[in-house]
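Chemist: Residues are numbered in the numbering used here as their position in the sequence shown, beginning at 1, plus a constant of 4.
Hints were generated in silico from the structure; no laboratory data involved. Some clues are possibly wrong.
In silico SDA-like cross-links for lysine to any residue, where the CA-CA straight-line distance does not exceed 25 Å [to be verified]:
(1) K38 / T55
(2) K38 / L65
(3) K38 / A48
(4) K38 / A54
(5) K38 / W66
(6) K38 / L56
(7) K38 / T63
(8) K38 / S52
(9) K38 / A72
(10) K38 / N68
(11) K38 / H67
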Amino acid sequence: MRRDVVRAVCALAVTIAAVLPATAGASSPQVEIKAGRAACGAAAYCISPATLTVPAGATVLWHNLTGAPL
């Protein structure tokens with residue numbers, strides 16, 4: 005019986021290790037920097053989404069779509 009418990013715990017650990025990295029990368033918030041009146045209305049440049057709430061320690065990916073150098 006103890007051997008079955010050890011096998012179950014090992015299987016659970018492997019499953020968790022396989023799933024966690026995949027779900028962590030999938031949830032990274034992304035922000036786009038846009039240019040032009042078609043994308044931004046009256047402003048020359050805008051950031052979309054305008055507001056973003058992320059948990060502490062999260063990584064945010066910024067995408068510059070303006071063509072302007074950073």
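Chemist: Run every hint past the structure and note whether it holds.
Modeler: Hint by hint, here is what the structure shows:
1. K38 / T55: 14 Å, holds
2. K38 / L65: 14 Å, holds
3. K38 / A48: 8 Å, holds
4. K38 / A54: Holds - the C-alpha atoms of A54 and K38 are around 11 Å apart, at most 25 Å.
5. K38 / W66: Holds - the C-alpha atoms of W66 and K38 are around 11 Å apart, at most 25 Å.
6. K38 / L56: Holds, at about 16 Å.
7. K38 / T63: 20 Å, holds
8. K38 / S52: 7 Å, holds
9. K38 / A72: Distance of about 10 Å is within 25 Å: holds.
10. K38 / N68: Roughly 7 Å separates the two Cα atoms, so the pair holds.
11. K38 / H67: 9 Å, holds
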